[in-house]
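Chains as they are written, first to last, in our numbering: chain A, 421 to 674; chain B, 29 to 327.
Cross-link-like lysine-lysine pairs, in silico, DSS-like; alpha carbons within 25 Å at most: (1) Lys602/A / Lys612/A; (2) Lys558/A / Lys319/B; (3) Lys548/A / Lys319/B; (4) Lys612/A / Lys548/A; (5) Lys583/A / Lys443/A; (6) Lys583/A / Lys558/A.
None of these hints come from the bench; they were simulated from the model.
Each chain, letter by letter, is given below.
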Amino acid sequence: MLEVRNLVKHFGGVRAVDGLDFKIQQGEVFGLIGPNGSGKSTTVNLVCGVFAPTDGEILLDGIDLGAIAPHNRVDAGVARTFQNIRLFSELTVWQNLWVAWRDQPGQEQGWVSNWFGRSPARRQEIQKLLEFSGLGDKADHLAGNLAFGEQRRLELARAMASKPKLILLDEPAAGMNSAEIKDLCQRVLAMKEMGMTVLLVEHVMELVMNVTDRITVLNFGKPIAQGTPIEIQNNKLVQEAYFGSAENAHGGVS
Amino acid sequence: MDMYLASVLTNMTLIAFLALSAYLVLVVGEVSFGQQAFFGIGAYITASATALAGAHVFWGLLAGAIGGASCALVLGLLTIRLSGIYFAISTLCFAELLRFFLLHLRFTQSVDGRIIGPDGPEGFSNIRWIFENNYQVTDFLLLAVTCLIILLIVLFSLERSPIMLGARMVGNDPILAQSQGLNPTRYRLSFITLSGAVAGFGGGLFALFNTHIEPAMFGVMLGIHGLAYAVIGGLGSAIGPLLGVFLDIGLLESIRSLAAYRMIIFGGLVALLLVFRPEGIISPRLVSHLKSRWRNRHV
Ligand SMILES: Nc1ncnc2c1ncn2[C@@H]1O[C@H](COP(=O)(O)OP(=O)(O)OP(=O)(O)O)[C@@H](O)[C@H]1O
Ligand SMILES: [Mg+2]
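Let the sequences and hints guide you as you build the complete structure.
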């Protein structure tokens with residue numbers, strides 16, 4: 421489904437991503453973890469086209485994403501959330517979802533109803549998504565006035581609204597308390613249940629270990645390990661990268 | 029109607045075009061210090077078309093709008109990779125460049141013993157359209173207000189369409205907008221071009237009303253006023269810039285005893301607003317809030 425080949429991104433002298441390879445299977449929740457500054461967000465940004473890679477290829481279902489303009493990638497099937505919540509805070513919850521909305525393939529509404537946003541079928545679908553996200557009664561609230569947890573849920577709903585082939589979640593649990601993390605676990609598992617493919621970037625091990633099928637660990641932009649959650653937990657290199665050995669003391673779980 | 033009142037109102041209407049053009053650029057998230065140049069270009073083109081080529085005023089104004097739009101499009105293309113302060117400075121440079129061009133523009137003709145046409149720094153005199161058509165100040169006011177109302181109708185329909193929503197999204201957060209499938213570059217270019225058309229059209233009206241124009245009229249102070257009106261009024265709705273125009277020209281200039289202190293009061297007003305309502309009087313937040321309250325009441 422998603423195939424990343426020898427991905428490289430340099431910012432001046434900083435090698436943010438330095439030769440990354442991985443493959444995500446259809447319907448899988450794939451974890452991407454690593455210490456701070458190891459290049460996880462940069463990888464997400466490369467897949468979404470915020471940056472152009474210095475080298476390497478990103479293929480989605482065999483199609484080279486590099487040939488697709490950044491603003492067309494959502495229609496190519498890539499949706500994301502941001503590490504720091506990004507919403508149109510002066511617009512309503514509804515409008516935030518509305519812009520992201522893509523009809524299920526085969527059920528597209530004409531541009532006239534699109535233009536006026538009046539298609540009742542679509543309204544119902546959006547309302548359903550709001551209910552799923554626990555925002556059923558907040559459609560007319562300004563996104564900026566939502567509580568933190570609600571904003572995170574709205575971001576997730578927005579990513580789902582575009583019916584993507586692949587959802588990239590960049591630290592969706594950051595800043596959440598343990599109850600919210602449990603709720604998020606359920607949500608991600610429910611997404612998997614629905615057949616979605618997810619790339620999960622996360623520091624919160626409770627989430628990573630419970631929902632992912634496979635994990636790649638990054639350190640200084642390079643993959644240092646890949647495997648199931650259990651394998652990763654027992655991997656010496658990973659433990660060193662996270663908890664520091666003599667020569668690498670800067671990492672840390674935040 | 030009192031002549032003085034009519035001419036103040038006409039000036040307000042003309043400056044409203046400039047403020048609205050600044051507003052359209054602000055909506056897509058950029059600040060332009062160059063709208064006065066498109067206003068000036070429009071003025072020169074409309075003046076040339078009507079006074080030199082003898083075109084009908086409709087075509088003259090249309091040509092002014094197209095001229096303003098074309099210059100703005102060139103600016104948009106030149107600054108396609110710039111944003112923020114770099115974009116703002118580029119607009120200023122570009123505007124001064126256009127004004128420099130006007131300063132050196134000379135092609136005069138003698139019509140019935142009168143010298144007509146752009147004459148370098150002396151400007152373009154004898155734009156006699158309003159005399160030839162026997163327009164009184166109030167007649168012209170009516171024309172200008174009609175044009176402004178038509179523009180507002182267009183802008184309000186735009187405001188209700190996904191285009192404006194997309195533009196506001198691009199203005200708020202281009203990276204987020206891009207991730208939602210909106211093309212920030214296309215929105216920016218379209219809105220900058222549209223802003224040029226609005227300014228050019230307003231400039232055309234200005235030339236017809238003033239009957240004399242010169243490059244010095246289209247300096248940066250003019251643009252800064254237009255920009256300030258849009259910022260004071262707020263970016264929530266096209267009414268915002270009009271409110272800004274009204275507050276400055278309408279209130280301050282009409283109270284003649286204050287005339288000497290106008291710039292001081294205006295400056296103070298801007299400073300106060302930036303402290304208490306940094307998003308302008310009619311801010312996007314206020315408009316969203318009112319809209320959702322209105323909707324709730326009618327469900
Ligand atoms: N736009 C940029 N310009 C320059 N350097 C950047 C840019 N974005 C990221 N970097 C650098 O690239 C490296 C990787 O950053 P990245 O944000 O991908 O890390 P991360 O794994 O997401 O870390 P965290 O867990 O803190 O979110 C860092 O050294 C960072 O400073
Ligand atoms: Mg990150």
